[in-house]
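Number of protein chains: 4
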Amino acid sequence: MPNSFFNELLQQLSERGRAMLGLARDAAARGDVAELSEHLLSGRGEASGVALAKAVLDTYANAPLATRLAFLTALAERFGADPQKVEEAIAAYHDKPGAATLHRLHTAAEARRQELMRRLNLAPGGTAALVRMREELIEHLPNRPDLRAVDADFVHLFSSWFNRGFLVLRPIDWTTPANILEKIIRYEAVHEIHDWDDLRRRLEPPDRRCFAFFHPQLVDEPLIFVEVALTAEIPGAIAPLLAKDRKPIAAEAATTAVFYSISNTQRGLGGVSFGNFLIKQVVDDLKRDLPNLKTFVTLSPVPGFAKWLERERGSEASQALDAEAKTVLAALDEEGWHEDPATAEKVRKVLLPAAAWYFLKAKTPNGRPVDPVARFHLGNGARLERLNFLGDTSAKGLGQAHGLMVNYLYALEDIEKNHEAFAGSGEVIAAAAVRKQLKGERASRTLVPVTD
Amino acid sequence: MPNSFFNELLQQLSERGRAMLGLARDAAARGDVAELSEHLLSGRGEASGVALAKAVLDTYANAPLATRLAFLTALAERFGADPQKVEEAIAAYHDKPGAATLHRLHTAAEARRQELMRRLNLAPGGTAALVRMREELIEHLPNRPDLRAVDADFVHLFSSWFNRGFLVLRPIDWTTPANILEKIIRYEAVHEIHDWDDLRRRLEPPDRRCFAFFHPQLVDEPLIFVEVALTAEIPGAIAPLLAKDRKPIAAEAATTAVFYSISNTQRGLGGVSFGNFLIKQVVDDLKRDLPNLKTFVTLSPVPGFAKWLERERGSEASQALDAEAKTVLAALDEEGWHEDPATAEKVRKVLLPAAAWYFLKAKTPNGRPVDPVARFHLGNGARLERLNFLGDTSAKGLGQAHGLMVNYLYALEDIEKNHEAFAGSGEVIAAAAVRKQLKGERASRTLVPVTD
Amino acid sequence: MPNSFFNELLQQLSERGRAMLGLARDAAARGDVAELSEHLLSGRGEASGVALAKAVLDTYANAPLATRLAFLTALAERFGADPQKVEEAIAAYHDKPGAATLHRLHTAAEARRQELMRRLNLAPGGTAALVRMREELIEHLPNRPDLRAVDADFVHLFSSWFNRGFLVLRPIDWTTPANILEKIIRYEAVHEIHDWDDLRRRLEPPDRRCFAFFHPQLVDEPLIFVEVALTAEIPGAIAPLLAKDRKPIAAEAATTAVFYSISNTQRGLGGVSFGNFLIKQVVDDLKRDLPNLKTFVTLSPVPGFAKWLERERGSEASQALDAEAKTVLAALDEEGWHEDPATAEKVRKVLLPAAAWYFLKAKTPNGRPVDPVARFHLGNGARLERLNFLGDTSAKGLGQAHGLMVNYLYALEDIEKNHEAFAGSGEVIAAAAVRKQLKGERASRTLVPVTD
Amino acid sequence: MPNSFFNELLQQLSERGRAMLGLARDAAARGDVAELSEHLLSGRGEASGVALAKAVLDTYANAPLATRLAFLTALAERFGADPQKVEEAIAAYHDKPGAATLHRLHTAAEARRQELMRRLNLAPGGTAALVRMREELIEHLPNRPDLRAVDADFVHLFSSWFNRGFLVLRPIDWTTPANILEKIIRYEAVHEIHDWDDLRRRLEPPDRRCFAFFHPQLVDEPLIFVEVALTAEIPGAIAPLLAKDRKPIAAEAATTAVFYSISNTQRGLGGVSFGNFLIKQVVDDLKRDLPNLKTFVTLSPVPGFAKWLERERGSEASQALDAEAKTVLAALDEEGWHEDPATAEKVRKVLLPAAAWYFLKAKTPNGRPVDPVARFHLGNGARLERLNFLGDTSAKGLGQAHGLMVNYLYALEDIEKNHEAFAGSGEVIAAAAVRKQLKGERASRTLVPVTD
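Chains as they are written, first to last, in the numbering used here: chain B, 1 to 452; chain Y, 1 to 452; chain W, 1 to 452; chain A, 1 to 452.
Derived by calculation from the structure, the hints in this document are not laboratory data. Think of the CB as a built atom: it goes at the ideal place given N, C-alpha and C, for glycine as much as any other residue. A few of these clues could be false.
25 Å max Cα-Cα, derived SDA-like pairs, lysine to any residue [as the list claims (entries may be wrong)]:
1) Lys244/A <-> Asn179/Y
2) Lys307/A <-> Arg386/A
3) Lys396/A <-> Ala250/A
4) Lys294/A <-> Pro291/B
5) Lys247/A <-> Asn179/Y
6) Lys287/Y <-> Ala250/W
7) Lys247/A <-> Thr265/A
8) Lys247/B <-> Ala61/W
One-sided and incomplete, this derived list gives chain Y residues near chain B with beta-carbon spacing under 10 Å [as the list claims (entries may be wrong)]:
9) Ala89
10) His94
11) Lys96
12) Ala99
13) Gly125
14) Asp153
15) Arg267
16) Gly268
17) Gly270
18) Ala323
19) Ala325
20) Ala395
21) Glu416
Derived contacts from chain B toward chain W, CB cut-off under 10 Å, selection only [claimed, not checked]:
22) Asp173
23) Thr175
24) Ile180
25) Leu181
26) Glu182
27) Glu192
28) His194
29) Trp196
30) Leu199
31) Asp220
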């Protein structure tokens, strides 16, 4: 099997009259990706660059797992910077500090794999192949901290190649090609799309929109997409938005655009952020097309809440929950608690203050909110607008947050100010109603860790 | 005037609810591009990134020359690396050499303007604005060697952004939009296109082709383009190819594709090479569409020949020309010499051997051919195929090369081998007929500098 | 409901400053489509034509069934030709026969509804609305023979508007927009497409193709489409072609293109034929892209066979079946007969000769084959190539043809000859193997009705 | 020459395996277009229709003039209706008047060339070929009244095929493909476009627009186009609009859209009107994009004025001019009269009242304005808004109208009313200022012929 692949590969190359020199051909035949890569790097010109880059990527893609991992390891070990050149560059810099010697130092300290990655990107489909390579790398990272440097170089290059200036926003609707729509179905990470009929209900009604960022090199791959519902008011629960039998409204009648699902699609592009650009551009586009829209808001999950609450319930030192609250929350352990109105009401009175604490006072070691979705939207300059009790009573919603959902509000005139406050002092901007839930507390607007 | 611009700019920004914080607004109002840039760089998140990047680029574009030059200078002086961080990174590396400390050193030694350029690229039209900024920078370079480090960073980033993987090849023909065609007219650098009728003669006949590379971020700008004539044999002169009254042949009847003009269009992308990719992809595309094509060849100018010959004629130590040759070549000083058949014939016998010497033996200090066009095609793996006496008798052709033109042959099966030989030992691959012109010499195939 | 519609409609019209004169507005408000149509027809210029045409079509589309039927009746009764003008034109023609008076007669005898339909076509979406109107008309025809004249005028105009010169062939594949693909699912009339996964299996594998004709005025509506399988030999059964787990082959390895399903989509375009153009253009396109394809063949159902056979079995005078054959065919009445090999083999020996008779000797009153699919392909110049026993054992296949399928062969060099023979003398062109099945008969190649 | 053409043609046909039967091939070889046409018409099916249609059109296009004229004559003589069938159809109708017999009569009276034209339209490029055929026919008409019946059939079919519902409006600008732009240069019929720079001045500035109608079958051919200037007021002269050095204004600052040139491009489509649809759709599109536009007006030539005035000056019975006026107007015979302010002023006082008479009172025999441009715009529902003395002092403008230009105003809310008045009673709707120019007259708003 590998043999026939290499044979075919070699035949193709020779058919195209692009005979690689002897050593490269041997390396390809042996499936030695790292040696092939050395040939690619050593080429003084670019005459054979495209063909060699293709050979490296094809050989890698068709190699068994062990070979692929060996290559990733080689990227870390063999394709770093040359220590001797680094020392020489340091000496030269110390000898004569200045732009020229700094530039030399910068270049000397650059891992050789960066140039290798740039050359691999020459191959047709090279960008996509590199994204998949990093996807594989990410899976190894937990067990292989030595590969982190390789990962950092991937992120560095991808940040440059996937610069927002190169991304293209496209509406996704029922006239979008099926091969792209099936990826929307597959990649939806927040509220699962069950089948094509379900997808159509999210795209075709007049009060639904969907937008995605694309990159010219990955034409059939949405990089990130957002699903939008146009409504008459800020919704507090997801089920009515997705109900099969709901009545759509006219787009022009809507005052509110609800971002109810944002999904990244490429694990290999993790760490390269486009989400904030997406939301802001979608807000701009929607405002232009539908001037009646006044409110831009999310309906978001709270993925870390149940886990945090469990810890607090088990912690004697919990500042968030007192004994009485813990007693009430024991109801959460009974399945179906939310279907009994009396129980639900009792829980509500305790759970919402706890949620307020979770958002406003619970912090990671470096002073950020513990909820990752909160960090994303607050970092974008949004405001925590409302806590929605039992907003998502699906198994997933109950499991991760006891049904809690929240709205983050994107008020364009405040985004900058909110963002600066959050980025600077870590301040969580929240509506008064949210802050009031902190019972017994002086619900000051400024609940920064320092002042608590 | 500038005031009204800034007012309008600020109004726009505030209209979009993207109020910049006080200091950035002041900087914009003062037209202080460097300070605005500091704001852009210091932004912890990207909430205001796009608006600030736009403000920097707009302010720069509308500023007077002195302000613009001051900003370029600031890029060199204020936006380099931080020496203290560099020293710390060096110390850390020496303390514990390894991937992590190397990465830190690499990052510390990176000029801050690189990150600045990446952020400027966020603005709509950012890439084009940066290309124009470098175009301006290049003009200052001869007098301002201190700006070279800035230039190197531009080249580094452009090489990544304009990676061949991101370029798109498009045919240019008479159905191409007029705004692109006018750029073909304007940018043609080899054989001037006089007007739209002239352009049409190069695009519309069945035996003419034109191809250009485009980048998704510069949609209306061909980056480089090549004009192709389909012929029945290798041509020796340009005039018949461009004659108004020539008879086109059917594309299917052609055996030879002649690349008779290759023009780069963006001075701001100088040093980022796409030419070799262009030729190779065009060869591939033509072969697929017209399987009868067997020969791929250029008809190229020899821009450095006249100047070199003048030097040799004036040099007593010339190895290329003996006294007799110099006497004959005195005819070149008479205007119209080429129109007298007898004179022309005498000159031919001396000029062609001199040209062979020029290509095969004249070298730059680092052992490369002195002719820049020769360096380009030989570096791509082409072979110097034929010397064409009086191939271009236009004023320009006579002025730069006494009418000499040459053909470089792209034989796909030899490209790799040729390229390696040239890149490695500097060997100039030339057809036997060219080598024979070196009279009195043992015209060995291998005329590497070492053996001279 | 209708009121709000008319109000909105009228408001729109007045908003656009296209106030209709008093009477037309009254007619619209009353929903009197016929009177609105008179206004449209009487307009001397076209100033209000588009708005009035839209009003007629919108009013019709939103009217209740009785009103719509009343309008169709009015088309027949009120919008015919003017008898007085016809008589005058006849008199003028008799008085002075010639091109001018003939033209006047032709014009006078034209039903006024033709001009009305042409004017309705001015409205945005007018063509689609008229196609739907005829779709409705067709349903009434069986009970309303008086509407046949209206139908004939529709066919006349549609034949002109949907002239093959105006149709565009487009490949349908997995990158086709979903709103078109769902119509492929819905309209597939031969072998049902169960869901999107089923659809994908017919479009995405390398050995599958699909093509459709589109019309510029009905952009999202495929008018007719054909599904194609690329194979290594002529298939005899449908199930293997559609099997979920089959192994695709490379398109370049295929020698045979099998048209296994052809579906018209617009009932309203019944009687306007494009099927033969579709097949011939698809053959041309496939040959150009895949030169290895040598054989173009259908795998077709035999929709009239079971019904015909039942009649023959019950007829004492049957020439097609003798007593022995009838006895054997009694097995067909047992469910599951085809699953018992011995029974199936006995049936096969009788059923295939009967099928040969069905195709070659059974005729309609005007001497054509009784099978409608046979009439279509033979009329296109195809040849009846092979009878496939148990080619379709689905419930539908057993029900309509006891599992029989056939192949029609499109041999480009014979199409014209075959077509002329069929169109002229009604000769059924069939392969020798088919003709041999006529047992006891001298299976002459020419089995024209005359000789029976 | 014709031989080689036919040979090649026949070879092509046979290569495609579409051998025509013997007689058709003979006809093609002889260049007998009419006989080929009979073959096309007689084909019972459509198996060879496309190939035969192509053969007819190619043979026609490549035949010498005499052959082509013979074919047009044959269309008139041989391809009319069959008199015997007409008589039978008349008899059947008289026997039993009704929809069925009327339909038969209509069909019998239809010239056979109509069906022939529909079948010719099957060929690739058939529509364009038929338009060119009629273009040629039109040139013969003045000398060949017997061909008028053929022309009428062309118009009938073209009106159906080029129904406004099938036309597509496209903006023409500087990004439009060059092969279309060159047709704009070539076809501009009102104010000549001198070269590409001139064209660019009409397309590229922010206050210029151009729109054209296209038909899907003639993709590269604009059928009609209109050039628009966006201005701050209604202009009275053409020169400032076209001046090389004028200062463009921002599109958003414009209040007025001026249609200053409307050109039909296809002589072969004469009599098929799209002009009124074009103007109305352009008005709609402009209003949507630029809501500040309030006034839609033409700046139009007066092509019949100079000729009419000459007649009136020479007529003793002239009601439009008295003796004094004739004396003043003698100045028009001096070249350069308009450059002398005093003369010009004297002329103005007489010429404008004469122009008012020309528009409001001079009528064709059937009661319409004598000016063709006036008939077009008034028929569309526009109002004669202003007379512009010396609006066009080019040689053409002076020659046809002594420099006079006029504005027609398209006031959307009045279009319908104006159109009905003009179409009904022939009333010329004109602004009060125009009517006042009728000196000595009671300038009633209603100057219908009856009152003259």
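Outcome of the hint check:
no.	hint	result
1	Lys244/A <-> Asn179/Y	holds, 19 Å
2	Lys307/A <-> Arg386/A	holds, 21 Å
3	Lys396/A <-> Ala250/A	violated, 31 Å
4	Lys294/A <-> Pro291/B	holds, 22 Å
5	Lys247/A <-> Asn179/Y	holds, 21 Å
6	Lys287/Y <-> Ala250/W	holds, 23 Å
7	Lys247/A <-> Thr265/A	violated, 30 Å
8	Lys247/B <-> Ala61/W	holds, 22 Å
9	Ala89	holds, 8 Å
10	His94	holds, 8 Å
11	Lys96	violated, 13 Å
12	Ala99	holds, 4 Å
13	Gly125	holds, 9 Å
14	Asp153	holds, 8 Å
15	Arg267	violated, 21 Å
16	Gly268	violated, 16 Å
17	Gly270	violated, 17 Å
18	Ala323	violated, 40 Å
19	Ala325	violated, 35 Å
20	Ala395	violated, 34 Å
21	Glu416	holds, 5 Å
22	Asp173	holds, 9 Å
23	Thr175	holds, 4 Å
24	Ile180	holds, 8 Å
25	Leu181	holds, 5 Å
26	Glu182	holds, 8 Å
27	Glu192	violated, 16 Å
28	His194	violated, 12 Å
29	Trp196	holds, 5 Å
30	Leu199	holds, 8 Å
31	Asp220	holds, 8 Å
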